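Keeping their order, the protein sequence lines are chains F and B. Here the first sequence is numbered in the working numbering, starting from 791 and rising by one per residue. Here the second sequence is numbered in the working numbering, starting from 791 and rising by one per residue.
To be clear, the hints were calculated from the coordinates, so they are not data collected in a lab. Predicted model only: the values in this text are computed from it and were never measured. Treat each hint with caution, since some may be false.
To be verified - Cut-off 30 Å, straight-line C-alpha distance, at most; resulting in silico cross-link-like pairs (DSSO-like, lysine-lysine):
| # | chain 1 | residue 1 | chain 2 | residue 2 |
| --- | --- | --- | --- | --- |
| 1 | F | Lys1079 | F | Lys1046 |
| 2 | B | Lys897 | F | Lys1168 |
| 3 | B | Lys1079 | F | Lys1079 |
| 4 | B | Lys1079 | F | Lys883 |
| 5 | B | Lys1168 | F | Lys850 |
| 6 | F | Lys850 | B | Lys1079 |
| 7 | F | Lys897 | B | Lys1079 |
| 8 | B | Lys850 | F | Lys960 |
| 9 | B | Lys960 | F | Lys1164 |
| 10 | F | Lys1168 | F | Lys897 |
| 11 | F | Lys960 | B | Lys1079 |
| 12 | F | Lys960 | B | Lys897 |
Said to hold, decoys possible - Where chain B lies over chain F, by a calculated footprint (3+ residues, C-beta under 8 Å):
| # | segment |
| --- | --- |
| 13 | 927-937 |
| 14 | 962-971 |
| 15 | 1070-1081 |
| 16 | 1125-1137 |
| 17 | 1176-1183 |
Claimed, not checked - To give a feel for the contact side, a few chain B residues facing chain F, derived at Cβ under 10 Å:
| # | residue |
| --- | --- |
| 18 | Val873 |
| 19 | Asn876 |
| 20 | Ala938 |
| 21 | Tyr1075 |
| 22 | Glu1130 |
C-beta: ideal position from N, C-alpha, C; glycine also.
2 protein chains.
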Amino acid sequence: MFESLPFVSVCQSSADAEKLNIFAALQNFYARKGALHVVEIVSNLQRKFKALWTYTVNLKQLSEYLNLSQTTVSRALNGYPEVNENTRNRVLKAAQDLNYRPNTRAKGLATGRALAIGHVIPVSNQHEMVNPVFGDFIAGAGEAYARAGYDMMLTLVPDQEEVRAYQDIKARGTVDGIIVHGPVINDERIALLLRIGLPFVVHGRSTDVNLPYSWIDVNNRGAFERGTQFLIELGHRRIALLNGLEHMDFAFRRRKGYENALRNHGMSPDPALMRSEEMTEVYGYRAAKEMLARDLPPTAFVCSSIITAIGVRRAVHEAGLVLARDVSIITHDDALSYLENGDDVPIFTALRSSVRYAGGEAAEMLLSLIASPKHAPKSRLLEAELIIGRSTGPAST
Amino acid sequence: MFESLPFVSVCQSSADAEKLNIFAALQNFYARKGALHVVEIVSNLQRKFKALWTYTVNLKQLSEYLNLSQTTVSRALNGYPEVNENTRNRVLKAAQDLNYRPNTRAKGLATGRALAIGHVIPVSNQHEMVNPVFGDFIAGAGEAYARAGYDMMLTLVPDQEEVRAYQDIKARGTVDGIIVHGPVINDERIALLLRIGLPFVVHGRSTDVNLPYSWIDVNNRGAFERGTQFLIELGHRRIALLNGLEHMDFAFRRRKGYENALRNHGMSPDPALMRSEEMTEVYGYRAAKEMLARDLPPTAFVCSSIITAIGVRRAVHEAGLVLARDVSIITHDDALSYLENGDDVPIFTALRSSVRYAGGEAAEMLLSLIASPKHAPKSRLLEAELIIGRSTGPAST
DNA sequence: GAATCACTCCAAAGCGCTTTGGATGTTTGA
DNA sequence: TCAAACATCCAAAGCGCTTTGGAGTGATTC
């Protein structure tokens, strides 16, 4: 009997949205005739059809289907008050049924907002390394964006082209604001972005920039001062610092903290025990190996990354020494999901601060900045937690 | 003398684009009067002004500035032939001068293309871990996109909402195609995306899906077969496998490779020596610690991740054993930039395949798929390289 | 009974771009 | 010499949405 019904033509029709319209029309038609069993059949077919096909309608089609103007439908969907509640419900149901999704580009063009946030990652030619912290930061931020209905855009910017790139981002209008990653000392981008007028939040800060801008950062100086002091109190006197690249603001601050702690205890930093490089495992291994071979080797290491700390551990083992007994290690720990520092008992004594949490907070901050642009810049200083693990002990030598 | 010139008003004018117009007008004005030194002055001012301010014009303003229609300007900029070469050059110069950038949303709306690629990262509630591979993959892909003028969008999709999310992506029209990350065995997303008609490339493959789709993958089975065989040839008989989660396709294939190698040499896989978990350091440590405490401990480990291998190394040291002499480790190595496996001498004997390279290739593949949608799906199988490092040696026991 | 008001709804303009379908003048070919 | 064939350019429509400025009802007010 199915062949005799008009739905055969439905299935041959080309546009999906049209098919759905026809299904609806069929139901109306038979309903008006009182042929409820046929309505039932059509409705079942429609359901199966829906499960199988993936169609989409636009506002115009939706409004035609509803016999309403686009204005009313748009208002109903966006929660404006000048719509009858019955009408609104009809609209919402139809939008659901017809699988309506507003086109982002059109919406953006009409409203002037992009409903997207950009993440700008500086890539330099010399240092090909991708910041390992990035994935977790993004994960934290992504959740916040998703909740707010924002998209997330990524842009890799070669550091020679920064000015051009940021102008581009602003002018092309693909995002409403950006998160600035990897700030260096005296970072030019901040002044640039303020001038351009693109809302932004810096993940980190920039020493020597005296402009009002929004940021979220870990108290790197404080953390490293605390960590170094912890080692000093355990009796360590020769404490090495394996830092990240010190043109990066975070690394600069960590060195300051380290030096502060030494000076506060009447010691002065020994350049021979201080390194500043890309924070890899091999870097930690090599630096530690060299230093441990000195006449007066360090008895403790302060590392800027858990990966570097792993390298130090390798060197310590290789030298036949025992961690915590012969050599102590304390490291910064970004609480990366794939590099957890042990579980109940931490492997390394660490200064821990979740970068994922920071990502979420940075996102929230930026979103609220975009929502109320007149507000003064916000900032947030996170404290790293000192976690006692099994990599530190009293100085032996 | 400057105060007497009209440019004072220029600097008070509000719209930046307008200012530039006035500068240009000023120059024309004085040029026509023959006052070339004033033209010079204005031009200098303009240059300084440009360096300091960041303005942007849209097509309309640009075309008014040029006394041309928007049509002609658009065509000139997009390389259409029906424009006089002189006109085109004038347009290009003006676009440069006025710092014109086409609005992406408008362009996208008009052309129907988004000039953006989406990366969809499944996030599950149970496994909060962010794939450490992701950053490097993105870095590789990002370069390819930048070259082609594409943007990159990130979407975190909770795995319960997959169907909805992908429909959304298609309907909202923010991207022209997507890269699918983290395929599992019999991954539903592939059929879904084919039905939706959104171009995509899978990073990895999906066993049991017999549909034509595009993918790029490492020969995981082959690599692990090779690696295991390498250990067998060194005399190892009790070889443990510390795999990733085996509902993930890559892990499933790795197990197959491992088992193949064993069987090919008349051995059968021992469930007690096989684990499948999220690939963390602690996982490697714990599993190795337990296994090494057995009556007949394994003499070698095959790991799915360098991070896990590091955990195994820790357990080996802690047990007072020596790597390569007492226990061998071979691991998969994604050649992550922040987790390099040593330098000249690799730390671990490894099956190496650069995920960054894969990212670049995946991106190129997707872009060409979008450029010519009629083409058949493409695929690419990358071979992992066996790198002999210092973590393997002949079986001792 | 006219004026006001609240409630619903709509037509049309506009966001910034591309693209169609000419219009205008200039060469070319037989 | 006249039509056909370029070579250049433009006006206007359209992409899918929001939003302005009403219009058309009844109901309420004075």
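Hints and how they fare:
A C-alpha spacing of about 24 Å is found between F:Lys1079 and F:Lys1046, which places the hinted pair at or below 30 Å, so the restraint holds. Taking the CA atoms of B:Lys897 and F:Lys1168, the gap is about 34 Å. The hint is violated against a cut of 30 Å. A hinted pair counts as satisfied when its Cα atoms are at most 30 Å apart, and B:Lys1079 with F:Lys1079 qualifies at roughly 26 Å. Restraint check for B:Lys1079 and F:Lys883: the C-alpha separation of about 58 Å exceeds 30 Å, so the hint is violated.
With a C-alpha separation of about 37 Å, the suggested pair B:Lys1168 and F:Lys850 falls outside the 30 Å cut-off, and the hint is violated. Distance restraint check for F:Lys850 and B:Lys1079: the Cα-Cα separation of roughly 64 Å exceeds the 30 Å cut-off, and the hinted pair is therefore not satisfied. At most 30 Å may separate the alpha-carbon atoms for a hinted pair to count; F:Lys897 and B:Lys1079 exceed this at roughly 57 Å. Proximity of B:Lys850 to F:Lys960 is assessed by CA-CA distance (about 18 Å); at most 30 Å being required, the pair is judged to hold.
About 35 Å separates the Cα atoms of B:Lys960 and F:Lys1164, which puts this hinted pair outside 30 Å; it is violated. Under the criterion of a C-alpha separation no larger than 30 Å, the hint pairing F:Lys1168 with F:Lys897 is consistent with the structure, at around 29 Å. Annotation: proposed proximity of F:Lys960 to B:Lys1079 is violated, straight-line Cα distance about 54 Å (limit 30 Å). A C-alpha spacing of about 15 Å is found between F:Lys960 and B:Lys897, which places the hinted pair at or below 30 Å, so the restraint holds.
Given as covered by chain B, the segment 927-937 of chain F passes the check, having 5 residues with a CB less than 8 Å from a CB of that chain where 3 are the minimum. Using a Cβ-Cβ cut-off of 8 Å, 3 residues of the segment 962-971 of chain F lie near chain B, which meets the minimum of three, so the contact claim holds. A stretch counts as covered by a chain when three or more of its residues have a beta carbon under 8 Å from one of that chain; for the segment 1070-1081 of chain F and chain B the count is 3, and the coverage holds. Evaluation of the coverage hint for the segment 1125-1137 of chain F: fulfilled, as 8 residues show C-beta separations to chain B shorter than 8 Å, against a requirement of three.
Given a C-beta distance limit of less than 8 Å, the hint that chain B covers the segment 1176-1183 of chain F is violated, as 0 residues qualify and 3 are needed. Nearest Cβ of chain F to the Cβ of B:Val873: about 23 Å, over the 10 Å cut. The hint is violated. With 10 Å as the threshold, the beta carbon of B:Asn876 stays out of range of chain F, its nearest partner Cβ sitting at about 26 Å, so the hint is violated. A distance limit of 10 Å between C-beta atoms decides the matter here; for B:Ala938 the minimum to chain F is near 13 Å, and the interface restraint is violated.
Contact between B:Tyr1075 and chain F, as hinted, is supported at the beta carbon level, the nearest pair being about 8 Å apart and thus within 10 Å. Residue-level restraint check for B:Glu1130 holds (minimum Cβ-Cβ distance to chain F is 6 Å; threshold 10 Å).
Figure legend: structure checked against the earlier numbered hints; hints not met, in rising order: 2, 4, 5, 6, 7, 9, 11, 17, 18, 19 and 20.
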